[in-house]
Amino acid sequence: MTESPLPESFWRDGRGLRGWLLTTDHKRIGILFFFGTTLALILGGTFALVLRLELLTPDKTLVDAHTYNQLFTHHGVVMVWMFLIPSIPGVFGNFFVPIMIGAKDVAFPRLNLASFYVYLLGSVVTLVALVAGGVDTGWTFYAPYSASTNGAVGWVVTGVFILGISTIMSGINFIVTIHTLRAKGVGWMGIPIFVWTIYATSIIQVLATPVLGLSLMLVGIDHAWGLGLFDPAAGGDPVLFQHLFWFYSHPAVYIMILPALGVITEIVCTFSRNPPVSYRLLLVSALGIAFVGFLTWGHHMFIAGMSTFDSGVFGALSMLVAIFSAIKVFTWVATLYGGRISLGTPILYFFGFSFLFVFGGMSGVAVATSSLDVHWHDTYFVVAHFHFIMVGGSLTAYLAALHYWFPKVTGRQYSGRWGLVSAMMVTLGFFFTFMPQFLLGNAGMPRRYYSYPDRYQWLNVMSTAGASVLALGLLLTVGALAVACVRGKRAPADPWGSASPEWQVPSPPPQHNFVTPPDPRHGPYDYDGRERSE
Amino acid sequence: MKPEEIYADRRARTHALHLGMWIFLGSETLLFAGLFGLYSAYRAQFPADFATAVGHNDATIGTINTLVLIVSSFFVAWSIHALRGGHRRMCIASLVTAMALGASFLGLKTIEYSHHFAEGIAPGAQYTSTELPEAGARTFFTLYYAMTGLHALHVIAGLAILGWLATRVRRRRTTTERHVELELGGLYWHLIDVVWIFLWPLLYLTG
Amino acid sequence: MDSTDSADEPSFPSGRSLVIALVALAGLTVVSWGAAQLALGAAGTPVALGIAATKAGVVAVAFMELLRASTLARVIALVTVGFIALLCAGTVGDVAFR
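Protein chains in written order, with this note's numbering: chain A, 1 to 534; chain B, 1 to 207; chain C, 1 to 98.
Here chain A stands alone, though its shape is the one from the complex (with noise of 0.2 Å):
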């Protein structure tokens, strides 16, 4: 610990409430999407315990099949566009992009608060929403039922509408701060592969959201006024909405998984002390994705009546996504396999996600294969794929970010054994959550199905003992970090004796980010002053 006075950290500048309330700051700008995100998981997975809670029974356990059609639709819309797209680029990316390539700030400031407002508007519209008659369409908002069903699909599609110009305003933001703001001597190959996932990120986000907000203004339209476009009474084709609503949607579950990989590649580089194998084939791959994601959409409509021909092209074009995502998996292995590995919280986050990733990418090529689709497409084979690669990918993800940036935001250490114990709990209770439901798919048992035959009674019951596990654990982990932000010892400037360069500058950082001009000569991989490998 350094002896010299020290600038004040950004979590004191001395103007209050207005401080936060108004700030430009793009490290508070993080943290008031941190809040803002953790109340969207918390909202979105209670809604998930009261589906499973319900699904427990064959029949009615706790609502009716209408509550239930709402309770999903709820859970998606939050968990996708409240908490998943918005929470590690608007948390992670925003308190650490600048750090990471030098800079004081992000390129745009108050776009940047702009942003979290946004954020908060649509949030708000999209819960008016929830309590203003629900929505029963699924987070899909597929036509025609879309506008013929009752309830306040007007409301939501505003809402998401408005949370889609957040996540563009946000996408603007990085692209330019990445371009414009690296410090003198940080060329595009001398920065976190982390600020690459990002930009790849965001580069989806300004091109693919446009897309979503025109959907969801057809819907709106269609919902309260008639446009008869997806009507087969009117001439229309329902599965024009299905193209474009999933041209965003699929890209857009490329910005749920994309900044996770990143976080992923710093904590591996970290933990084992060695510069990624190959930095270029993670960038390389990372960008690879981004492309490849805006080819596939069709892969999600093969049973909707769709060309042979489309079935075909989207089939084959999404095989491609593997291959990129298992060039990260095994550049990460093999960063692993001859470095100096130390084992702490956000390294066993890694473990788990490592399986869970694998596995749920595996099943992804399983689905994307048109001909065994047919079997599991809209049953639970489709929502275990989906889940283990949004929580058991996303999430882990996000909670090992949380692990490992905790030191360095709070100033603080948590405990390591509580850490474990979290860990443990939230893989294993994510595992039994959703194993048994590729069981369930494969068995037939569809998604969104209030009831179901007797006999797939106890894979519902092992799945939601499963979530009441990880709810338990998510609900340790937070406990456990919060006790950290008052009792937990103070944490030195690089507690992982990491290279990059977030971790030469104080726990937590001062306002400007930098006490001394960073030092581009030593990359961020560059452990013991080995060469960069690029």
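In case anyone wonders, no lab produced these hints; they're calculated from the structure.
These figures come from a predicted structure and were not determined experimentally.
All C-beta atoms in this analysis are idealised placements derived from N, C-alpha and C, irrespective of residue type, glycine included.
With a cut-off of at most 20 Å between alpha-carbon atoms, the simulated SDA-like pairs for lysine to any residue come out as follows: (1) K2/B x P7/A; (2) K2/B x A114/A; (3) K104/A x H15/B; (4) K104/A x P7/A; (5) K109/B x I64/B; (6) K109/B x E119/B; (7) K184/A x P3/B; (8) K2/B x P517/A; (9) K109/B x L159/B; (10) K2/B x R15/A; (11) K184/A x A8/B; (12) K109/B x A122/B; (13) K2/B x H512/A; (14) K104/A x E4/B; (15) K104/A x R521/A; (16) K184/A x H15/B; (17) K104/A x Y7/B; (18) K60/A x W458/A; (19) K104/A x T24/A; (20) K60/A x D454/A; (21) K109/B x A157/B; (22) K104/A x K2/B; (23) K489/A x E8/A; (24) K104/A x V515/A; (25) K2/B x V180/B; (26) K2/B x S9/A.
Non-contacting residues of chain A with respect to chain B, defined by C-beta distances greater than 12 Å in every case (computed): (27) I42; (28) T67; (29) V125; (30) V131; (31) W188; (32) V284; (33) R340; (34) A443.
Guided by the hints, dock chains B and C onto chain A, whose structure is given.
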């Protein structure tokens, strides 16, 4: 944090603003993508109906509107040229001319829409005309209203931006030395022109 | 001067180039209208869109100063058009081959 603390100099910040604006324009363009996608698909499904419906649109008004927007775009570009040359008043006059042209565009579209409504050609569920082949024509016109409607919303926003810029130039907040906002606002107006350049043949010419 | 004020970038468009662009755009509009009067059949739409793309190019270069903008701006312009084409290809590939 103030821009001076983040950027090396004003030129760096101007560059960043331009970059941000182009990305935003990309986003705005993609907002129309879904409508082009629907148009292509439905046209492939109802080629004859679409051709007939396109033929029913008033190509005269459509063509005049195309020229109106092109000329307005010229005047916006001219306003920047004028201000760079130190001609403040010419800049303002050009902007006002562009706004007048933009307003005429909207005026002509209003006339067009009212002609259609009088014939029972209205979007979606309000479509009551029986003159044209039912399914294909109704879908065409619903798309027509969606595409031109979304475009018109952007024209209205563009008019507001041009008005704001003209006011800033008048108040000497936007000057010969510092006018990045004029350049950025101009880019937005030109995008509106480009979108219409593609809408015009699809909705008026290819009948 | 904003945007740039150094000698290492192409200079601002002259007033003359703006007028030439306007004339070109008006001319291409007339050509497009004329082409629509001919019975081109199936070639009508590609011709019309081709002329539209040319006009868009003129606006982009002459009015929007795309060539003076950064590489990323030019990439965005191309990618945007590419993605619209991609979505159209996907939907038409469905509808046309059912």
